[in-house]
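Chains as they are written, first to last, in this note's numbering: chain A, 1 to 76; chain B, 77 to 503.
Be a bit skeptical, because a hint or two may be false.
[Claimed, not checked] Below are the DSS-like pairs computed for lysine-lysine, each with C-alpha atoms no more than 27 Å apart in a straight line: (1) B:Lys349 to A:Lys2; (2) B:Lys349 to B:Lys399; (3) B:Lys349 to B:Lys273; (4) B:Lys349 to A:Lys56; (5) B:Lys273 to A:Lys56; (6) B:Lys465 to A:Lys2.
[Stated by the list, open to error] What the simulated footprint calls covered on chain A by chain B, stretch by stretch (three residues with Cβ under 8 Å from a Cβ of chain B suffice, anywhere in the stretch; the number is not a length): (7) 35-42; (8) 47-53.
Simulated from the structure, these hints should not be mistaken for laboratory data. Virtual Cβ for every residue (Gly too), placed ideally from N, Cα, C.
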Amino acid sequence: MKLAGCLLLLSGWMIVLVALVLLPGLAARAAFIGAGIAVEILGLALIARGQVNQEKQAQALTQSIRGMSGGFGGFR
Amino acid sequence: MSLLLPLFAIMLIPFAAAGLGLIHAGLGRSRSAAHALLATLCVLAVTAIVFILVGFAWTGYNGGRSYSAITAGVAWNWIGAGPYMIGGAGFDDASAPVAIRLCFHIFAVGLAGVIAIGAGADRWRLGAICISTAIFAGILYPLFAHWVWGGGWLAQLGVTFGLGSGMIDAGGSAVVQSTGGLTALAIACLLGPRRGKYGADGMATAIPGHNIVLVLFGCILALVGWTGLNSAGVMIFYAASSGRIVLVVIDTLLAASAAALAALAVTRFRFGKPDATLTANGWVAGLVASSAGCAFLAPSAAIFIGLIAGGVVPYAVELFELKLFVDDPGGSISVHAGAGLWGTLAAGLFAAVAPGMRGPQILAQLVGVSTLLGFVLPVAYGANWLLHKIGSQRVDRDGDYQGMDIRELGAGAYPEFVVHSDEFVPR
C-alpha cells in the first residue's frame, strides 16, 4: 500500500510537469496542477493508510505473542 | 554589497542547528540526551564533508555549469555540473560570490540534516544517522537546492513558463525545512514507534520530554540562527539590499511570535493549560513558515502566516501521533514539513509581486510544493528503505529500554542522578 502511495505521489508530480509543458493557458495549467496535487494527496492518504495498518498488525502480533507466553514481556 | 554581511549572517546559522539539537534532546528521553546532541554534531560534520566532496558540484549556482534536458523546446536545467571536491574553486575576490554560496550551503544542508534526528529520537542508530545523512547531503539536498537556488528549472519557471518570478524560497522553507521534514517523515515511518509508545489496544502512551528548559532555550537559539539563515539566503540568492534585511529580521520574529502565541492559545483552549512543548513547536513552525517569503512580506502577512503555522501545529502533532501511529518525539514532521510546505505556498499568496502576477506566482509555488511531495518524499523514503533493508537503522530491543546513551555511547548524559526504575522491571 505504501508503494502504491509513493507511485501516486510520483504520478501526481508527473501530471504537474506535463501540464506545464503541454498546456499553454493559465487556467488549464492551474486546473491540471491542482489535479496533480490532488493525486499526490491521494498518495499521501494511501501511505497513511498503509502506515496505520502496519502498526495495527504489529500491535496485534505483539498481543498474540504475549498471550501465548502467558503475560507481559514473557517472550523475552 | 560587501560579502562581510552575508558571511556574518551565515555564521549565525549554527545557532539554529544548536537550537534544534537542544529541542530534540529535551523532547527525547533523558537516557538518550547525549546521543541526540552527538548525532547533531555528527550530522553537521557529515553534511559538511559530503557536500564539499560531491554536493556542491550538483548544487551549482546561477550562471554556473549545469546539465539541461530539452523537452518540447524547453530546457529543464536539472543538475549542476561543477567539479567534484570543489575542484578549481577559487577563494580570491573574483570568486567570492561563488565561495559565499558554497559557505551558505554547507551550513544550510547541515541544518536540514539535523531535522530528521527529532523524528528518529530514542531509536535511530548513530551509524545509520551518518549514512542516511550522507545520502541526503550528497544527493537529495543538492538536487532540490539546484532547482531552486542554483538556477534550476523551478527557479526558471517564470522565464520558461511565465509563472511569476519562478519559485520563491528566500530562506529555505522548501529547500532546507521541507526536504528535512519530509526525510524525517520517511525515517519515522521506517523506524516505527518507540517501544511502549502504543499499548496493545492501540492507545498512545505519553512519553514526556525530559527537559523542557533545554527545549525553550533551544527556541531562543533557533531565532538567532533563523535570522541569519533568512538574511543570508535573501542576500545571496535574491541580491537584497541592506534595508531589506531589516524587514527579513522583523518578519522572522513576527512570524515566530504569532505562531508561538497561536500554539499557546490552542493548547490552553484544548487542554486547560498552555503546553510548553507544543508552544515551542509552534515557535519553530513560525520560523520555518517565515523563511520562504521573509523578504517580500508585509509584517501583517508575516503575522498571519505565523498564526496559521502555530495554530495548526498542535493538531498536526496529534494527527501523526494518535491517528497515524507515527512516533515523532521532536515534532519534526509537523514543524518542518508541515510549516515548510505552508510557508512555501504562503510566499505565493502574500509576497509582493508585479500586478497581474499573483496567480502565476501561486502556481509556481504550487509546482514547488508538488515537487517536494512527488519527488523529495518518495526519493527520501526509497533511499532510507533501501538502507533499512541492508542493515537495520533502528536500535535493537535492549537498546530501546536501556536508552541510546548507554547502548551506543556507553555512558549516560546524567550519570550522577538518573535512575530508570523501569529498567529493572521484568519484561
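Under the criterion that the straight-line Cα-Cα distance not exceed 27 Å, is the pair B:Lys465, A:Lys2 satisfied?
holds, 16 Å
Is B:Lys273 close enough to A:Lys56, meaning Cα to Cα at most 27 Å?
holds, 13 Å
B:Lys349 and A:Lys2: Cα distance at most 27 Å?
The hint is violated at about 38 Å.
Within 8 Å of chain B's CB atoms, at least three CB atoms from the region 47-53 of chain A: coverage verdict:
holds (count 4)
Check whether the Cα positions of B:Lys349 and B:Lys273 lie no farther apart than 27 Å.
holds, 24 Å
Is the hinted pair B:Lys349 and A:Lys56 satisfied, with a Cα-Cα distance of at most 27 Å?
Violated - the C-alpha atoms of A:Lys56 and B:Lys349 are around 32 Å apart, more than 27 Å.
Cut-off 8 Å, C-beta pairs, minimum 3 residues; does the coverage of the region 35-42 of chain A by chain B stand?
holds (count 3)
Under the criterion that the straight-line Cα-Cα distance not exceed 27 Å, is the pair B:Lys349, B:Lys399 satisfied?
Holds. B:Lys349 to B:Lys399 sits at ~23 Å (cutoff 27 Å).
Going through the hint list in order, the structure does not satisfy hints 1 and 4.
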